[in-house]
Amino acid sequence: MTRARRAVLAAWLLVLAACAAWLYTHLTVQTEMTVFLPPSATPAQRLLLGQLREGVASRTMLIELRGADPVALARASGELARALRSSGLFALVANGDPALLGAERDLVLAHRYLLSPAVTAQRFSTEGLAAALREDAELLASPAGALLRPTLPRDPTGELREIGRLLAPAGGPRLAHGVWFSRDDGGALLSAQTRAPAFDVDAQARAVATVRAAAAQAGAGRLAVAIAGPGVFAAQMREAIERESWRLSAIASLLVLAILAVAYRSAGAVAACALPVASGLVVGVTAVALGFGAIHGITLAFGATLIGETVDYPSYLLIHNAPGESLWRTLARIGATLRLAVLTTVFGAAALAFSSFAGLAQLGWLTIAGVAAGGLATALVAAIVPPGAVRLKRSGLAAPRFALAGRLRGAAPWIAAILVALAAAFIVSRRDRLWDEDLANLSPIPEAAKALDQRLRAELGAPDLRYLLVARGAEREAALETSEAAEAWLTGRVTQGELAGYDAASRYLPSRRAQQARRAALPDEATLARNLAAAVRRSPFREGAFAPFLADVARARGRGFLDAEALAGTALGVKLSALLVRDGEGWAALAPLRGVTDGPRLAAEARQAGFELLDLKEESNRLVGGYRAQSLRLFALGVAAIAALLALSLRSVGRALRVLAPVAAAALLDVALLALLGRQLSLFNLVALLLVVGVGLNYALFFERPQADPAEGARTRLAIAVCAATTLAVFGCLMLSQAPVLRAIGETVFFGCLLAAALSAAFAGRAAGYTRPGA
Amino acid sequence: MRVALSAVLLSAACCARAAPPLAPAELMPALAAVAASHATFIETKRSALLKEPLVSRGTLAYRRPDSLEKHVTEPYDERIVLDGGRLTVDNRTRGRKTTVSLASVPQLGALTEAVRAVRAGDLAALELYFELRAEGTPERWTLSLAPRAEDVSRYVAGIVVSGAAGRITRIEVAEASGDRSVMDIREEPR
Chain P
1 MTRARRAVLA AWLLVLAACA AWLYTHLTVQ TEMTVFLPPS ATPAQRLLLG QLREGVASRT
61 MLIELRGADP VALARASGEL ARALRSSGLF ALVANGDPAL LGAERDLVLA HRYLLSPAVT
121 AQRFSTEGLA AALREDAELL ASPAGALLRP TLPRDPTGEL REIGRLLAPA GGPRLAHGVW
181 FSRDDGGALL SAQTRAPAFD VDAQARAVAT VRAAAAQAGA GRLAVAIAGP GVFAAQMREA
241 IERESWRLSA IASLLVLAIL AVAYRSAGAV AACALPVASG LVVGVTAVAL GFGAIHGITL
301 AFGATLIGET VDYPSYLLIH NAPGESLWRT LARIGATLRL AVLTTVFGAA ALAFSSFAGL
361 AQLGWLTIAG VAAGGLATAL VAAIVPPGAV RLKRSGLAAP RFALAGRLRG AAPWIAAILV
421 ALAAAFIVSR RDRLWDEDLA NLSPIPEAAK ALDQRLRAEL GAPDLRYLLV ARGAEREAAL
481 ETSEAAEAWL TGRVTQGELA GYDAASRYLP SRRAQQARRA ALPDEATLAR NLAAAVRRSP
541 FREGAFAPFL ADVARARGRG FLDAEALAGT ALGVKLSALL VRDGEGWAAL APLRGVTDGP
601 RLAAEARQAG FELLDLKEES NRLVGGYRAQ SLRLFALGVA AIAALLALSL RSVGRALRVL
661 APVAAAALLD VALLALLGRQ LSLFNLVALL LVVGVGLNYA LFFERPQADP AEGARTRLAI
721 AVCAATTLAV FGCLMLSQAP VLRAIGETVF FGCLLAAALS AAFAGRAAGY TRPGA
Chain B
1 MRVALSAVLL SAACCARAAP PLAPAELMPA LAAVAASHAT FIETKRSALL KEPLVSRGTL
61 AYRRPDSLEK HVTEPYDERI VLDGGRLTVD NRTRGRKTTV SLASVPQLGA LTEAVRAVRA
121 GDLAALELYF ELRAEGTPER WTLSLAPRAE DVSRYVAGIV VSGAAGRITR IEVAEASGDR
181 SVMDIREEPR
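Just so you know, the protein sequences line up as chains P and B, in that order.
According to my numbering, the first sequence is numbered sequentially starting from 1.
According to my numbering, the second sequence is numbered sequentially starting from 1.
Among the hints, erroneous ones may be present.
Simulated pairs of lysine to any residue, SDA-like, Cα-Cα distance not exceeding 25 Å [unchecked claim]:
no., chain 1, residue 1, chain 2, residue 2
1, B, Lys-97, P, Ala-500
2, B, Lys-51, P, Arg-154
3, B, Lys-51, P, Arg-493
4, B, Lys-97, P, Arg-594
5, B, Lys-51, P, Glu-138
6, B, Lys-51, P, Arg-594
7, B, Lys-97, P, Arg-493
8, P, Lys-617, P, Asp-436
9, B, Lys-51, P, Ser-125
No lab work stands behind these hints, which were simulated from the structure alone.
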């Protein structure tokens with residue numbers, strides 16, 4: 001190694017070390033999944049994403065304790081609820097114990113004349129009161145009389161009952177021993193709402209750990225604890241992926257090292273192969289961290305996958321090294337092809353880099369910077385590996401002949417064309433099932449977890465939040481007023497049997513206007529006393545029995561209005577904050593609907609009545625569809641850029657086609673194969689396909705490259721065999737993963753690269769002749 | 001409330017002196033043997049809130065083990081049906097029908113269980129909610145029920161059921177508020 005080369009190497013390593021040091025102190029890894037969601041185009045989608053991030057349904061953790069007799073479970077449920085409440089991580093913890101709702105009861109009692117929609121002037125007239133007292137007498141004689149008795153003197157008009165009907169609709173979980181139980185009586189149920197959003201995976205992981213620790217303490221470690229919920233699953237999946245990717249990447253690295261060691265039989269050469277990929281990672285991550293301020297965990301994982309291509313670069317260089325030739329000389333020979341191999345990947349990634357989705361843009365820049373750095377580092381490999389360091393086995397050169405491919409060459413174009421046509425037809429026939437439409441599958445969870453979530457959700461009667469009626473307003477008050485109009489309309493629909501029921505923000509906090517109207521409906525003290533006395537005379541009740549009622553109404557007339565601050569810290573406040581949300585510039589009051597019989601019809605009717613009904617499932621499918629369309633457009637743009645680059649660099653449309661066609665065919669067959677295996681495609685497959693194209697183009701480029709003599713032809717085949725072997729080893733390992741994401745990437749790349757290597761060997765290579773025949 | 005409670009206990013104590021002690025379990029076989037029955041009732045509710053007692057009349061119908069119907073015919077028409085864990089109140093005079101799951105209102109569950117479980121001779125269910133005390137003879141007995149749970153005793157101090165062999169003749173409820181209701185029953189087992 002000359003002094004100059006040593007200086008260049010030292011400078012390069014210094015730059016890498018500086019980058020690594022900077023990253024060590026400055027790198028922030030984001031875990032929020034939403035940067036991988038597209039910027040929402042419509043207000044409905046913005047609301048949907050808001051619900052996904054912050055909504056009650058996504059922040060609710062469902063917990064079940066099993067493995068003891070019901071009495072012990074009930075006790076453990078109480079202890080767990082207390083522990084979780086005092087942890088500060090949860091906004092609301094409920095286990096069915098009504099004693100916990102004391103603060104809410106007092107609040108409702110104090111503000112009942114503002115909260116109850118039944119409050120009208122008529123209700124407090126002599127006639128209204130007489131009717132109320134008749135009903136009270138019947139209720140007093142009924143089985144529920146004893147329960148009603150304590151509040152009857154204060155509330156003869158039954159406002160507490162009215163409010164109770166609104167806020168606690170029928171159909172909750174079953175109660176036993178004072179807490180919620182599963183239908184089979186074997187499990188105590190709790191629901192806990194985290195303060196942190198569902199996509200804050202770190203906070204969710206902390207919350208899950210807290211639940212586990214508290215449950216272990218409450219049950220003395222003997223109880224089985226099941227926890228479900230979107231945030232929980234996100235945390236669990238990340239943990240599983242991290243654990244598996246460590247194990248699998250360790251196995252994969254060993255396999256790659258073994259393959260390279262067998263091929264080169266030189267420790268130095270194997271070590272040199274690590275330089276480009278390490279450079280690529282460090283430079284790529286640094287570039288993203290500098291450009292975006294942070295990097296997403298998923299970008300990092302995918303990026304490492306995409307940059308994996310750079311491990312091939314030194315292989316092309318080392319294996320193309322002719323006997324007695326210096327590596328510099330080899331680099332000069334294959335440099336144009338290698339440069340094109342790097343540039344095609346850069347061009348493909350550039351399409352992503354200009355995406356409006358932060359996640360995809362990060363991925364694009366990471367790949368561009370990483371692959372470019374890997375390419376440059378390959379030149380350094382040429383500089384530091386001394387000539388003759390790589391002792392390729394001569395006999396090995398002849399081995400990978402891709403004999404089958406060669407023999408098939410005559411018939412192959414026809415077979416391949418038919419296969420590609422069949423694949424295309426198959427993909428077209430499957431076009432409606434090809435893509436995974438479910439937004440939830442952006443972070444796919446195992447089936448067992450999905451089943452647990454569904455069971456607990458059904459047992460607890462937790463909302464599935466599919467249909468939402470949205471009342472918007474520039475101000476909070478305006479949104480609440482629209483919500484009240486919507487309530488009136490919805491009540492009509494309930495009577496018509498079009499839905500079973502609904503919840504609404506304005507039930508927890510009526511608009512100022514409604515509160516004013518209700519307060520104005522309360523008569524002054526003298527009038528009310530006169531009306532009541534007349535009504536009592538006609539009833540079985542004793543004079544003076546309702547003195548507390550007169551006092552309460554007088555107090556209510558003098559009391560201020562109910563506002564969000566008064567509800568803060570109570571279960572009602574938690575409900576309100578979930579249903580009354582800031583939406584862009586204004587406010588949205590939400591009304592989740594239950595038991596909708598005909599969604600589309602109700603939506604049409606709502607539109608006609610001037611309300612906005614959101615079908616979250618359909619909206620989320622549309623969102624995923626839009627996302628996919630944009631990703632596909634970018635993908636196509638990238639391929640077009642690559643085609644243009646190839647045509648310009650190779651100075652021939654024919655040569656460009658020969659390089660591009662096998663890879664495009666491989667990608668097409670790959671997709672068809674995945675569909676045939678019953679897989680639905682997602683973002684993960686798409687990114688993996690990008691790698692297939694990047695790696696496949698390298699194969700095709702090297703096969704297509706003019707070969708000087710049979711020895712060089714053999715070296716080309718060996719280089720591609722080694723590169724394909726390492727790629728297949730790595731992604732074959734991922735195929736074995738339990739995590740759906742890793743498996744999806746593994747399958748796509750494994751099949752894709754196998755196909756790309758075979759098709760490139762068959763069609764990209766020059767049919768006959770060497771530029772220096774007979775050498 | 002305390003007065004009412006001691007009144008219940010006192011009346012129970014009086015009976016206890018009049019007759020030898022009786023185990024609640026001894027009453028159950030005769031009660032459990034009844035598969036279905038029909039009865040008429042007169043119920044008198046006395047309350048500090050009322051000018052005079054509320055008197056209602058109607059019929060009761062029972063089918064083993066957990067179907068119970070109370071049909072008030074006078075002075076208004078109201079049908080209260082207990083079917084498994086659900087209580088339906090159908091007031092025809094008002095045209096209002098409501099259904100409650102007893103699991104969602106545990107106090108109401110305990111109160112309906114007091115009647116249902118005595119009628120069915122279901123000792124285990126009774127003991128889950130109440131402390132029991134039986135007086136008299138298996139042919140002429142009274143069974144006193146004191147709620148175990150604080151959230152039930154906040155409303156009801158005690159219930160005394162009187163009967164003759166497999167028939168129930170009277171149900172008295174002493175509420176924590178001091179209100180009392182007495183239901184006299186003429187039952188015809190079938």
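For the pair supplied as a hint, Lys-51 (chain B) and Arg-493 (chain P), confirm whether the alpha-carbon distance does not exceed 25 Å.
violated, 43 Å
Straight-line alpha-carbon gap Lys-617 (chain P) to Asp-436 (chain P), limit 25 Å:
holds, 13 Å
Would the hint linking Lys-51 (chain B) and Glu-138 (chain P) be met if the CA-CA limit is 25 Å?
Holds, at roughly 15 Å.
Below or equal to 25 Å on CA atoms is what counts here, so check Lys-51 (chain B) against Ser-125 (chain P).
holds, 22 Å
Starting from Lys-51 (chain B), check that the Cα of Arg-594 (chain P) is at most 25 Å away, please.
Roughly 45 Å separates the two Cα atoms, so the pair is violated.
So if I understand the rule, the pair passes when the alpha-carbon distance is 25 Å or less; does Lys-97 (chain B) with Arg-594 (chain P) pass?
Judged against 25 Å, a Cα distance of about 21 Å means the pair holds.
Hinted pair, alpha-carbon criterion (25 Å max): Lys-97 (chain B), Ala-500 (chain P). Please report holds or violated.
holds, 16 Å
Is Lys-97 (chain B) close enough to Arg-493 (chain P), meaning Cα to Cα at most 25 Å?
holds, 19 Å
Proposed proximity, Arg-154 (chain P) with Lys-51 (chain B) (alpha carbon, max 25 Å)
Answer holds: Lys-51 (chain B) to Arg-154 (chain P) is near 18 Å, not above 25 Å.
Taken one by one, the earlier hints fail for this structure at numbers 3 and 6, listed in ascending order.
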